[in-house]
Amino acid sequence: MKPPTDLLAEPGLDAPTHETTAVENPTVGIDQSAGDFTYDVKYEFDAGNGLNENVIRYISSVKKEADWILDFRLKAYQTFLAKPMPTHWATKDLENIDFNKIRYYLSQGTKPKRTWDEVPDDIKKTFERLGIPEQERKFLAGVEAQFDSEAAYSNVKDIVAKQGVIFCNSTEALREHPELFKKWFGKVIPTGDNKFSALNSAVFSGGSFIYVPKGVKVAMPLQAYFRINAENFGQFERTLIIADEGAEVTYMEGCTAPKFSTSTLHSAVVELVALKGAKIQYITVQNWANNVFNLVTKRAIAMEDAEVKWIDCNIGSRLTMKYPGVILKGRRARGEVISIALANDGQHQDTGAKMIHAADDTTSVIVAKSISVGQGRSTYRGVVHIPKHLKGCKNNTECDALLINTNSRTDTYPAIVVRGDTHAVQHEASVSKVSEDMIFYMQQRGLTEAQAMSLAVNGFVNDLVRQFPMEYSVELKRLIDLEMEGSVG
Amino acid sequence: MSASPLSTTPAEGLSSAHFATHLSRSAALPAWWLDAKKAAWNQFTALPLPSRTDETWRFSDLKGLDLTGFGLPEAAPQATPKHAAFPQSAELVFANGQATRGPVPADLAGRGVIFAPLEEALREHGDLVRSYFQKHPANLGSEKFVALNTALTATGAFLYVPADVEVALPFVVQHTLTGQNVAAFPHTLVVLGPRAKATLVEFFVSGGAASERQLVSGVNDLHAAEGAQLTYVGAQHWSRQTLAFQVNSIAAGRDARVLSLNLHLGGRQARHESHSRLLGPGAHSEMLALTVADGDREFDQRTLQTHVAPHTTSNLLYKNALLDTAKTIFSGLIIVEPDAQKTDAYQKNRNLMLSDEAEAHSLPGLEIQANDVKCSHGSTSARIDAEQEFYLQARGIAPAAARRLLVTAFFEEVLNKLENEDVHAALTALIASRFQA
Amino acid sequence: MPSLEIRDLFVALAATPDKPIVKGLNLTIRTGEVHAIMGPNGTGKSTLSKAISGHPDYVITSGDVILDGKSILEMEPDERARAGLFLAFQYPSEIPGVSIANFLRAAVQARLAEGEELDATAYYKRLYSKMDMLKIDRKFTSRSVNEGFSGGEKKRCEILQMAMLEPTFALMDETDSGLDIDALRIVAEGVEAMRGDKLGVLLITHYQRLLDYIVPDFVHVMYDGRIVKSGDKTLALELEAKGYDWVKQELAAATA
Chain A
203 MKPPTDLLAE PGLDAPTHET TAVENPTVGI DQSAGDFTYD VKYEFDAGNG
253 LNENVIRYIS SVKKEADWIL DFRLKAYQTF LAKPMPTHWA TKDLENIDFN
303 KIRYYLSQGT KPKRTWDEVP DDIKKTFERL GIPEQERKFL AGVEAQFDSE
353 AAYSNVKDIV AKQGVIFCNS TEALREHPEL FKKWFGKVIP TGDNKFSALN
403 SAVFSGGSFI YVPKGVKVAM PLQAYFRINA ENFGQFERTL IIADEGAEVT
453 YMEGCTAPKF STSTLHSAVV ELVALKGAKI QYITVQNWAN NVFNLVTKRA
503 IAMEDAEVKW IDCNIGSRLT MKYPGVILKG RRARGEVISI ALANDGQHQD
553 TGAKMIHAAD DTTSVIVAKS ISVGQGRSTY RGVVHIPKHL KGCKNNTECD
603 ALLINTNSRT DTYPAIVVRG DTHAVQHEAS VSKVSEDMIF YMQQRGLTEA
653 QAMSLAVNGF VNDLVRQFPM EYSVELKRLI DLEMEGSVG
Chain B
5 MSASPLSTTP AEGLSSAHFA THLSRSAALP AWWLDAKKAA WNQFTALPLP
55 SRTDETWRFS DLKGLDLTGF GLPEAAPQAT PKHAAFPQSA ELVFANGQAT
105 RGPVPADLAG RGVIFAPLEE ALREHGDLVR SYFQKHPANL GSEKFVALNT
155 ALTATGAFLY VPADVEVALP FVVQHTLTGQ NVAAFPHTLV VLGPRAKATL
205 VEFFVSGGAA SERQLVSGVN DLHAAEGAQL TYVGAQHWSR QTLAFQVNSI
255 AAGRDARVLS LNLHLGGRQA RHESHSRLLG PGAHSEMLAL TVADGDREFD
305 QRTLQTHVAP HTTSNLLYKN ALLDTAKTIF SGLIIVEPDA QKTDAYQKNR
355 NLMLSDEAEA HSLPGLEIQA NDVKCSHGST SARIDAEQEF YLQARGIAPA
405 AARRLLVTAF FEEVLNKLEN EDVHAALTAL IASRFQA
Chain C
5 MPSLEIRDLF VALAATPDKP IVKGLNLTIR TGEVHAIMGP NGTGKSTLSK
55 AISGHPDYVI TSGDVILDGK SILEMEPDER ARAGLFLAFQ YPSEIPGVSI
105 ANFLRAAVQA RLAEGEELDA TAYYKRLYSK MDMLKIDRKF TSRSVNEGFS
155 GGEKKRCEIL QMAMLEPTFA LMDETDSGLD IDALRIVAEG VEAMRGDKLG
205 VLLITHYQRL LDYIVPDFVH VMYDGRIVKS GDKTLALELE AKGYDWVKQE
255 LAAATA
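Residue numbers (our numbering), protein chains in the order written: chain A, 203 to 691; chain B, 5 to 441; chain C, 5 to 260.
Chain A on its own, in the form it takes in the complex (with noise of 0.2 angstroms):
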């Protein structure tokens, strides 16, 4: 047996090796640049391709960064180098990824030279059906290098500090408010967590830091889209949400636009911490282009009586490897991951949830949906860890997979470990296509096939669609259509 520490400090998110021949790339064969969007852009800071120690000097002293914080990530490089990657669990897809090739610092000080105009209409007309706002759309496409945050929600950061929150980003953070910050940072995901959080923590830039001191119940959701207008696209970005005793806070990052960028790799680490009584619920939409691999290190601490929740949506990519995870530290702590995958032609997404249970009385939910279409695959992973001298620990798991078309693959590979004759622990899964009935049956009310495809994949989805707030939910199921348009037939 594995000490309980040793399964926090690796993902651990094992599945069995008697994956029948070794992985293709479930890429072959698919036109990686179609439909991607990108500019020759002129950087006024840029690392340079490649990574090495120099590089990481050259981004900390751009960020103008105390010492520790370079020792951090010189120290982070070192365990990233010597980490293997985790292909003897996870799909060789990974070793696909060329270190050498990426650009790890970039940050644009000029105003970019293209219009409007030279953007592609099917990309304006991806954004129009979605619903993004006007002045969103220009800076997705790039044409606006920054984004007018303060005009389209106002001043957010200003009202939430005269409640005394702290919301900036994580180089001002460190480097205003150490004290807070640092105790923190980097602690519920150590550095060696696993390769990807080693070198996010090398190279991290961007990223939300939020302090909510105690007691205080922030009334509106943070949102991440305020931090983007400070660096380029968070390629390693970092965050870290202290909710203080009896403090409330919600946070969305991403959006439901495709995310047009050059880098081929995204892989952020987020870390929160909700003490006492503290209640953190995170919302994550993505939708990356095809080409991104993205890995991403998420992990919570709850307290005594605290409550964290990820609500987690992913699209896109050409490789997500997500599984947000609560620690349940304190007593009657309560955990859950809320999670949405849909996996297209070309797309696998490998996510899930970790429920790390140590202290009595703790409860975790995980309720997670796949839908695969066309060549795409979803893979769930989970683990539920209620190893010690534990008393009345609750988990209930739900994993649905939906396939849509011959081609489509789903796994799950759930881990659980229950000691102790107190706990109740609860797994169920299931796989199913949609019936030819069901869609006959829309069609004969008039719905074309396609159309009945739609409604089918977005009932299947919209228990969950619901608890994400309106504006999300709406251009979640709009962002669904889209990915179902051309799956029928």
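I should point out that these hints are in silico values taken from the structure, not numbers from a laboratory. Do not take every clue at face value.
To be verified - Reference excerpt, derived from the structure (chain B facing chain A, CB under 8 angstroms, subset only):
hint : residue
1    : T57
2    : G369
3    : N375
All of these numbers come straight from a predicted model, not from anything done at the bench. In this text, a Cβ means the ideal position worked out from N, Cα and C, and glycines have one as well.
Fit chains B and C to the known structure of chain A by using the hints.
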């Protein structure tokens, strides 16, 4: 396969000398069999013991896989059946490898039914045995121990039921192992021809003191041809210090139905692997297991349901009752291959937690590559329903007895799937005796 | 006057196209008319309704179905539906997560011209008035389509959809199966309320009791894939009294 030089074992214990002795005793058997044994011995010595990064051994106690010090047993006195008697077609009893056999009824023999010790079958029906022997190689992690079985097996039963022959009464096999530091390698091969029907019940018991340290590596391969109906029951009650591996493969052809039920009561560390292959449309495999895990025993169960052909069904239900500081591992996978449309597969692991120290690991998995399927799995780990327990106590039943009753009830759902009531009763008696011990 | 014409229709399962189930059936329905097809089980009644609406499990091997002078055989099921054909299913499908209100909204929207947006207020007004007519509770529309519905609720949901989509021709496949008398009455009242010169109805039923509530203008007896006898409502009563064997015997005598 040519005769290659024999490799030597890296560890003390079962050595190439043991193997050479064994081989010389088997000299009268067909050449292909001896070649297979030599190859298997080399494979056994070449394969490493499972390691920590080995996914198929996740959560297993690898330190417990200690093969040192074991040797082949001396011939033992004739054993008598240790299970409750029930009506049967014929019985084979192996005591430390020594076979005692009851006759196959003339009417069955006359219709071509073969039920014989493996070595006899090799001599008399060599080609038949050969065409099924290890047709579907093991692939759930115990390849090394299966190779050891092939290399050293001399005991086991061969059951062959030709097309259209239905045998109502079960065939029974008992393996008894007696002695300190001895090893046994039972090998069972069951072949049912088209539309044949039969039941095989196998008992595995240690004959001597509970403290005897023993090693068992068993294999049982079941083949059900088109429309055949096979019921296999395996019940193990090895000694308290036994390290046991049992690797089971099931191949079900078109419209064949196979029910396998394994009862695990003994051993220090017992691993059971079972792989069902649904090879023809309409094939069905019902995979059942019951485990009473107490003391500090470890029961490690790995399963695979592979749906190869369309319109196939499988249903797995593994129930573990955990007491004391026992540990169970259930790792199951359903694979639906791309052509296996209209598959309906189910898998459930239920752990009844009866102690604060017991530990249950559950890894139910799905790999679905066809889209028109119905697959689901479930896993629950929970204690006895407190209300039920109280209800029984309120009727004056003592807590220990109440628990025993509720465990029995917990198992009944599985036992009820057995058609043969005598076999059902024999297993119930075995479980009850386990609780008394 | 719009008409639905079934001409010498042969239908088989797509899997076994050489084994016809419907064997040369002829029938013409005009708006304003209610036809009932009766017949013993396994005679091809349900196959007929599914084939007309374009179910992929069935194949029309010969003959034609003409709606308003145009063959519909080349049309997709949804095109047939939008052309005015409505099938009330014997076993309506469950659509988890899709509310009745949203489902009907999508179906009504599908009938609008491209670019035309549904007037939500008017839609709900109309939906609620239809529900009042069918004595359906408002809460009903927030439930997922048919999911966990009782037999009666499913049939009522079918009738509500029919009322909202206002078809020209409704094929009602064993609408009475599995209904108690109260549910049957509500369903029948709904159909009666919609009855008029804008709607033609084909009732497919095994039992005569539905015809106590919806009185047909024409009754047809279907046997072995064909209509073997037609008449008015008295034919239904006669069948009820004498059973299907009477028809079979008559048929045997005629062919002998």
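Check your understanding: Is the hint on N375/B kept, meaning its closest Cβ partner in chain A is under 8 angstroms away?
Key -> 4 angstroms, holds
Holds or violated: G369/B as interface residue toward chain A, Cβ cutoff 8 angstroms? This hint holds: G369/B lies near chain A, its Cβ roughly 5 angstroms from the closest one there, short of 8 angstroms.
*With a cut-off of 8 angstroms on the beta carbons, see whether T57/B makes it to chain A.*
6 angstroms, holds
Hint compliance for this structure: every hint is met.
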